[in-house]
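Asker: Given next are the chains, with one letter for each unit.
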Amino acid sequence: CYTCVVSLHSLRMSIKFPRSFRLLEELEEGQKGGGDGTVSWGLADDDDMTLTHWNGMIIGPAKTVYDGRIYSLKIDCGTRYPEHPPHVRFVNKINLTGVNSSNGVVDIKSVTALSRWKNSYNIRMVLQELRQHMMMKENNRLSQPPEGQVYSN
Amino acid sequence: MADQGAADPGNNNNNKPEASEGTIIKVTVKTPKDKEEIAIAEDASVTQFKEEISRRFKAKQDQLVLIFAGKILKDGDSLSQHGIKDGLTVHLVIKTAHKAGDGGSTSASSSTSTQAGSTSTSSPPTNPSSTTGSTGSAPPPTQTPNILTGFGDLAGLAGLGMGSANFMELQQQMQRQLMSNPEMLSQIMENPLVQNMMSNPDLMRQMIMANPQMQQLMERNPEISHMLNNPELMRQTMELARNPAMMQEMMRNQDRALSNLESIPGGYNALRRMYTDIQEPMFSAAREQFGSNPFSALGGTSESGAQPSRTENREPLPNPWGPPNSSNPSESGAASTGSTSTTGGTNPSVSNPLGINPGSLGNGMFNSPGMQSLLQQISENPQLMQNMLSAPYMRSMMQSLAQNPELASQVLMNNPLFAGNPQLQEQFRAQLPIFLQQMQNPEALSVMTNPRAMQALMQIQQGLQTLQTEAPGLMPSLMTGGIPGIPTGGGLPAENPASSPNVFPFILFLQTQTPEVRFQSQLDQLNAMGFINREANLQALIATGGDINAAIERLLGSQPS
Chain A
1 CYTCVVSLHS
11 LRMSIKFPRS
21 FRLLEELEEG
31 QKGGGDGTVS
41 WGLADDDDMT
51 LTHWNGMIIG
61 PAKTVYDGRI
71 YSLKIDCGTR
81 YPEHPPHVRF
91 VNKINLTGVN
101 SSNGVVDIKS
111 VTALSRWKNS
121 YNIRMVLQEL
131 RQHMMMKENN
141 RLSQPPEGQV
151 YSN
Chain B
1 MADQGAADPG
11 NNNNNKPEAS
21 EGTIIKVTVK
31 TPKDKEEIAI
41 AEDASVTQFK
51 EEISRRFKAK
61 QDQLVLIFAG
71 KILKDGDSLS
81 QHGIKDGLTV
91 HLVIKTAHKA
101 GDGGSTSASS
111 STSTQAGSTS
121 TSSPPTNPSS
131 TTGSTGSAPP
141 PTQTPNILTG
151 FGDLAGLAGL
161 GMGSANFMEL
171 QQQMQRQLMS
181 NPEMLSQIME
191 NPLVQNMMSN
201 PDLMRQMIMA
211 NPQMQQLMER
221 NPEISHMLNN
231 PELMRQTMEL
241 ARNPAMMQEM
251 MRNQDRALSN
261 LESIPGGYNA
271 LRRMYTDIQE
281 PMFSAAREQF
291 GSNPFSALGG
301 TSESGAQPSR
311 TENREPLPNP
321 WGPPNSSNPS
331 ESGAASTGST
341 STTGGTNPSV
351 SNPLGINPGS
361 LGNGMFNSPG
371 MQSLLQQISE
381 NPQLMQNMLS
391 APYMRSMMQS
401 LAQNPELASQ
411 VLMNNPLFAG
421 NPQLQEQFRA
431 QLPIFLQQMQ
441 NPEALSVMTN
451 PRAMQALMQI
461 QQGLQTLQTE
471 APGLMPSLMT
481 GGIPGIPTGG
491 GLPAENPASS
501 PNVFPFILFL
511 QTQTPEVRFQ
521 SQLDQLNAMG
531 FINREANLQA
541 LIATGGDINA
551 AIERLLGSQP
561 S
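Line by line, the protein sequences are chains A and B.
For the first sequence, counting from 1, position 118 maps to 118 in full-length UniProt numbering; every step adds exactly one.
For the second sequence, counting from 1, position 359 maps to 359 in full-length UniProt numbering; every step adds exactly one.
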């Protein structure tokens, strides 16, 4: 019926945008220095039109073992983002609960932002959340691998 | 790249053209504690940038770590390589000797995003400021007019009966109308039928799924199917559809936000490509439906400017969000492409994806190119019709319309199809009850889904057109009186025993395309010019497809005076 397709068309338009639009917003925010300067994020590859692969960066918080370090992360926003949380892993080696010590993959359940993910969350929050995680008592004194080491994958 | 673009540390507005090649850009350098704006040549290297920074921040160059968009900037890189442009922000970490970098402070100190609050935390639709694209409910508002149109087009539905492929046209038509007539819109919205339909996400999903183009799209973009399967989103969409003002706000926000996004080096490309990728199939579907040139039959509507802008706008433009782009003067490169699409028409914006130019739509839109392709589409997509028509809401809508001829006729009268043609209105009103019954007749439905039947109908239509060409005077009388007689005389395959009443709606539909109707305005004009031979006028118009000037030439050619 006519109406169906009309509305179909409308909804089609509206539907295709959520993920892309969101990610583009995040891209823009990342380039404009969103957040407070302690985290940064951006597209890994400017030609990635699926906006899937992102770089993240966390500046280690002061008064923790992570102080002075800059942690690079890889963040993948899948097709279901933002309904589903992104996949996050550290590039630089880090000793932090919830982070797999052999490949740097962040365990979703251990990070609040990821485990109770809402579609209003975003990459910035993930990074900030991880940074907060570093400041927690259970983490902020863990001995760290030497600076500059990266996971092999 | 030997020149330093920013040789004067104390001057923020340093526009010294010292850099031989690059222009000077202003980049914000931010530490958690501090923020400085540094002018640097566009083509400067990271090293040069650091030199400037070390002066400004009073730190040694080798203590500086620069981060942009999640990447560490290496000395050998150039700023442009990372996409660092005017107005963007680079993060700075100053490594002090004892590993306590300046970058390690707690949060919230300088929460000075240069971007005004673009966080997407809570996304109340009531926030019309800046670029707050609400996240969860981001998608629905973009298509405000379309969604509204969709439901406004309910009005057109009963009139059309078949619906299916030619939504774009009708939609835009209705959209235009709706935009100019908010009352009607709210009336329609209040229609319990509409609300009922809108409140049922399953139905919506059904409808959407049924469209083959949609299915194609879904294959390409699984995210679409996810969205469809998200009842919450559907509900949000419908909520927003009910609230036109809110939707318009969101639309504007989204447009603005998206226009800002064009400027981002990577994002712009991605945006464009994804837009192309997704929009293109839709547009080509629309294009198909329109035939090659939807407005060629628009006869009197002389918005020739709109026409090229229309087709142009459907191309995958580099800047699909056109005009709003101008609100962002600082973005240079990507933004400049935005000016291409302003050929006098309305560019496809997020809120107006088909670049609808209200002025270019006219009553003539129902003319043959569209309708012919409509029938073609129907015959090609029987499944489409089947699915559409079997949707339960369809039945209920038909029922309610049948029970309430008042409403139906009101609704019909508002249909732009009839707007300029009181004759038609009268006819239609008279035949309305019968018409509605036909629509409910399952036979009718099966006819619609029968491709052969569709083809036969097309044949009929073509036959009718031939008739009209040969004997233009004949058709009007056929219209008023002899309609039901025609189908039985036509070459309908005997697939459907009850073919005659079933075909009625279609025939009626076809009647709307008699040249007499189509060219009504042209005929009037010709009359006004002094061409009083109606028959000849009609023939000329038919021959020239509604082009008045050509018709006049023809007429003058045959009657030199």
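FYI, nobody ran anything at the bench for these hints, they're computed from the structure.
Treat the numbers as computed from the prediction; the structure is a model and nothing was measured.
Errors might be hidden in some of the hints.
In silico DSBU-like links for lysine-lysine, alpha-carbon gap of 30 Å or less [to be verified]:
{"#": "1", "chain 1": "B", "residue 1": "K95", "chain 2": "A", "residue 2": "K63"}
{"#": "2", "chain 1": "B", "residue 1": "K33", "chain 2": "A", "residue 2": "K74"}
{"#": "3", "chain 1": "A", "residue 1": "K118", "chain 2": "B", "residue 2": "K74"}
{"#": "4", "chain 1": "A", "residue 1": "K109", "chain 2": "A", "residue 2": "K74"}
{"#": "5", "chain 1": "B", "residue 1": "K74", "chain 2": "A", "residue 2": "K109"}
{"#": "6", "chain 1": "B", "residue 1": "K74", "chain 2": "A", "residue 2": "K63"}
{"#": "7", "chain 1": "A", "residue 1": "K32", "chain 2": "A", "residue 2": "K63"}
{"#": "8", "chain 1": "B", "residue 1": "K95", "chain 2": "A", "residue 2": "K118"}
{"#": "9", "chain 1": "B", "residue 1": "K74", "chain 2": "B", "residue 2": "K35"}
{"#": "10", "chain 1": "B", "residue 1": "K71", "chain 2": "A", "residue 2": "K137"}
{"#": "11", "chain 1": "A", "residue 1": "K93", "chain 2": "B", "residue 2": "K26"}
{"#": "12", "chain 1": "B", "residue 1": "K74", "chain 2": "A", "residue 2": "K32"}
{"#": "13", "chain 1": "B", "residue 1": "K26", "chain 2": "A", "residue 2": "K32"}
{"#": "14", "chain 1": "B", "residue 1": "K71", "chain 2": "B", "residue 2": "K58"}
{"#": "15", "chain 1": "B", "residue 1": "K95", "chain 2": "B", "residue 2": "K33"}
{"#": "16", "chain 1": "B", "residue 1": "K71", "chain 2": "B", "residue 2": "K35"}
One side only, chain B facing chain A, incomplete, derived with CB under 8 Å [unchecked claim]:
{"#": "17", "residue": "K30"}
{"#": "18", "residue": "F68"}
{"#": "19", "residue": "H91"}
{"#": "20", "residue": "A528"}
The beta carbon of each residue, even a glycine, is placed where N, CA and C say it ideally should be.
Asker: Return the numbers of the hints above that this structure violates; sort them in rising order.
Answerer: 3, 5, 8, 11 and 20
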